Amino acid sequence: MDITTFLIQCLNAVQYGLLLFLVASGLTLIFGIMGVINLAHGSFYMIGAYMAFALTPIVSSVFGGGFFAVLLVGVVLSVLLGYVLEWAFYSYLYNREHLQQVLMTYGLILVFEELRSLLVGDDVHGVQVPDILAGTLQLGDMMTYPVYRLFVSAVCLALAVGMYLVFTRTRLGMMIRAGASNREMVQSLGIDIQFLYRVVFAAGVAIAALAGMVAAPVSSVYPGMGSQVLIICFVVVVIGGIGSIKGAFVAALMIGVVDTFGKVFLPQASGVLVYLLMAGILLWKPDGLFKAG
Amino acid sequence: MNQIEKSKWAFMAAFFAILTAIPHFSGNFGIDLVNKIMIYAIFALSLELLVGGTGLVCFGQAAFFGIGAYIAVLLSPESASASLLWLLPAAVFAAGLYALVVGSLSLRTKGVYFIMVTLAFAQMAYFVVHDTPLGGGSDGIYLNVKPQLANLIRLDSPLAMYYFTLACLVLVFIFLAVLLRSRFGRALAGIRVNEQRMRATGFSTYPYKLAAFTLSGAIAGLAGFLFAVKDGFVNPEMMSWHLSGAVLVMIILGGLGHLRGALIGAFAFALLQEFFKAEAIFGDFAKHWHLGLGLSIIAAVALLPHGLVDLPAQLRSRLTGVLSGNAGSDGSAMPKG
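Those sequence lines, one after another, are chains A and R. Counted the way the working numbering counts, the first sequence spans residues 1 to 293. Counted the way the working numbering counts, the second sequence spans residues 294 to 630.
Isolated chain A (complex conformation):
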């Protein structure tokens, strides 16, 4: 492998890792703050990807807008979806056992998969890279890299930084963190914890959906993409430590590297490598790299 290919693979690894981080951070936030283990989180990623595919013709004919209008509409829709789902299903799960949460969210996956099948069918679709972001960028003398992939990385990185700032620097973030550690106390201070949870959940859904939307032109859109990303995100969360955003960030980048370079060097074993990484880390640190709390 020459130095150019190596650099390109590094960029691919970072892009994949950042994308995983977005989905995994929503998963670990919802667990860390609301105590709900949400198997359907991968479905939100899938819903996002399918929105990128299905909304494009509608948005362009109604608003005449392009890719960014689709993203905007998609985010608004997924916030609404998250808000309604929290009200209809997830708010009943807070004080239930993990087992019942696993079951109900497993039921939701089946429902989402079938609704997807009913609404848009079971075909694999490609989503076009928007014109503004098409083309490649010249990096150095011999290397070119697709602009769109850089865009994906930039979006993910911006969201990660934004999330970090909201959590550490704002009043909302402070209330959320306080609510995570003591629900009753925060409630007795007059803060509407129910509303707070609904906001966190809706944000988690929207971030996962946004990740799906921006990933769609890179990874294409296919049935089962939700569960695939969910399980890798579980690995991210296990390696990083549950509830730790920092852990999720480091673990997602590690998996990005292992998976991307695994596909290059050991294509037959690439599916298994991330699980071997997880097994190794568990042997060394059973609670993950950065255990929260």
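Treat the hints as calculated values from the structure; they're not laboratory data. For clarity, every value in this text was computed on a predicted model and none was experimentally measured. Be aware that a few hints might be false.
[As the list claims (entries may be wrong)] Distance condition first, Cα-Cα at most 25 angstroms in a straight line; then the derived SDA-like pairs of lysine to any residue:
(1) K285(A) to Y501(R)
(2) K403(R) to V272(A)
(3) K246(A) to V161(A)
(4) K403(R) to Q228(A)
(5) K570(R) to I281(A)
(6) K570(R) to D123(A)
(7) K403(R) to D287(A)
(8) K291(A) to V350(R)
(9) K439(R) to V465(R)
(10) K263(A) to T425(R)
(11) K285(A) to A493(R)
(12) K263(A) to G433(R)
(13) K580(R) to G224(A)
(14) K299(R) to C461(R)
(15) K580(R) to L119(A)
(16) K285(A) to V394(R)
(17) K403(R) to S181(A)
(18) K263(A) to D424(R)
(19) K263(A) to L427(R)
(20) K403(R) to R177(A)
(21) K291(A) to V405(R)
(22) K285(A) to R479(R)
(23) K580(R) to P223(A)
(24) K299(R) to S610(R)
(25) K285(A) to F407(R)
(26) K403(R) to H98(A)
(27) K291(A) to Q489(R)
(28) K291(A) to S397(R)
(29) K301(R) to R611(R)
(30) K580(R) to V120(A)
(31) K291(A) to G348(R)
(32) K403(R) to I281(A)
(33) K246(A) to L172(A)
(34) K285(A) to S397(R)
(35) K570(R) to D122(A)
(36) K291(A) to K301(R)
(37) K403(R) to L99(A)
(38) K580(R) to A54(A)
Position chain R relative to chain A; hints supplied.
Chain R alone, transformed into the frame defined by chain A:
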């Protein structure tokens, strides 16, 4: 033996008697369907030992099921019949061995970690059969000649297969019933209720949990073996996490903490599935049967947290509540304390 114990055993005896009689009045479709459900029941019992018996929520049970199935097909000779005498133990042993490895790693973690780690290890097994030519990749492989035991047991007829599965089911049920009543089973129950207290009383809980995990994997392997022999076919879907989820749903639907809950749950789940798949009822919509199934699962979690086993008691209390003019039979209308 008290009254409740007696009625439980009477229920189980009647249940197995009906299963014995079914082939006499059902056609080939019925035999095949009930055979399949009985295999799921063995699979569900294996998980009940972990979840209901030990309090360990394993989300990767399908891996052990799949390994039992793949070993059955991979070790069978191309054009001759394998002997059940070694093929069945080999499948069970392989599944148990994988469970031992997975268990020794994943039991270092707890709670949600354990759920996720078992899921991830099952996914790893899935990728091994899916991505390598070992087991025919995503197409799976066929079992050309079914195994037999000398000329005593020949599993190539559906009826023989049915009774062989039934015998395995009864044996597994009795084995687990005895096991859970033994000293070992009591230790598992202690771990489920309060692991810390068990450790404080001097039990080293890890070996107990690992033994339960390995045993559970081995029984799941038996179920997988039976499935492969019945259908004469294996594919990676047998290891998919959807199946791990389905078997969890079965035991919860039936009622955790009862072996018969696993049986009832397996039957209820499979019949529900057949119901939503029925084109006679749902027409073209039947191909979207997952939708109905998913909604039923959500409803079951919301309405029946203790499972179908608890349904008679719930109905009884509701009924007596109505008779005594008290609508809030679940106690919610009554002041607490």
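Status of each hint after checking the structure:
no.: 1; hint: K285(A) to Y501(R); in the structure: holds, 22 angstroms
no.: 2; hint: K403(R) to V272(A); in the structure: holds, 23 angstroms
no.: 3; hint: K246(A) to V161(A); in the structure: holds, 11 angstroms
no.: 4; hint: K403(R) to Q228(A); in the structure: holds, 23 angstroms
no.: 5; hint: K570(R) to I281(A); in the structure: violated, 43 angstroms
no.: 6; hint: K570(R) to D123(A); in the structure: holds, 21 angstroms
no.: 7; hint: K403(R) to D287(A); in the structure: holds, 9 angstroms
no.: 8; hint: K291(A) to V350(R); in the structure: holds, 21 angstroms
no.: 9; hint: K439(R) to V465(R); in the structure: holds, 22 angstroms
no.: 10; hint: K263(A) to T425(R); in the structure: holds, 14 angstroms
no.: 11; hint: K285(A) to A493(R); in the structure: holds, 24 angstroms
no.: 12; hint: K263(A) to G433(R); in the structure: holds, 23 angstroms
no.: 13; hint: K580(R) to G224(A); in the structure: holds, 17 angstroms
no.: 14; hint: K299(R) to C461(R); in the structure: holds, 23 angstroms
no.: 15; hint: K580(R) to L119(A); in the structure: holds, 14 angstroms
no.: 16; hint: K285(A) to V394(R); in the structure: holds, 17 angstroms
no.: 17; hint: K403(R) to S181(A); in the structure: holds, 20 angstroms
no.: 18; hint: K263(A) to D424(R); in the structure: holds, 12 angstroms
no.: 19; hint: K263(A) to L427(R); in the structure: holds, 19 angstroms
no.: 20; hint: K403(R) to R177(A); in the structure: holds, 23 angstroms
no.: 21; hint: K291(A) to V405(R); in the structure: holds, 13 angstroms
no.: 22; hint: K285(A) to R479(R); in the structure: violated, 31 angstroms
no.: 23; hint: K580(R) to P223(A); in the structure: holds, 15 angstroms
no.: 24; hint: K299(R) to S610(R); in the structure: holds, 21 angstroms
no.: 25; hint: K285(A) to F407(R); in the structure: holds, 14 angstroms
no.: 26; hint: K403(R) to H98(A); in the structure: holds, 12 angstroms
no.: 27; hint: K291(A) to Q489(R); in the structure: holds, 21 angstroms
no.: 28; hint: K291(A) to S397(R); in the structure: holds, 21 angstroms
no.: 29; hint: K301(R) to R611(R); in the structure: holds, 22 angstroms
no.: 30; hint: K580(R) to V120(A); in the structure: holds, 15 angstroms
no.: 31; hint: K291(A) to G348(R); in the structure: holds, 23 angstroms
no.: 32; hint: K403(R) to I281(A); in the structure: holds, 15 angstroms
no.: 33; hint: K246(A) to L172(A); in the structure: holds, 19 angstroms
no.: 34; hint: K285(A) to S397(R); in the structure: holds, 14 angstroms
no.: 35; hint: K570(R) to D122(A); in the structure: holds, 18 angstroms
no.: 36; hint: K291(A) to K301(R); in the structure: violated, 46 angstroms
no.: 37; hint: K403(R) to L99(A); in the structure: holds, 13 angstroms
no.: 38; hint: K580(R) to A54(A); in the structure: holds, 22 angstroms
In summary, the structure is inconsistent with hints 5, 22 and 36 from the numbered list given earlier, while agreeing with the others.
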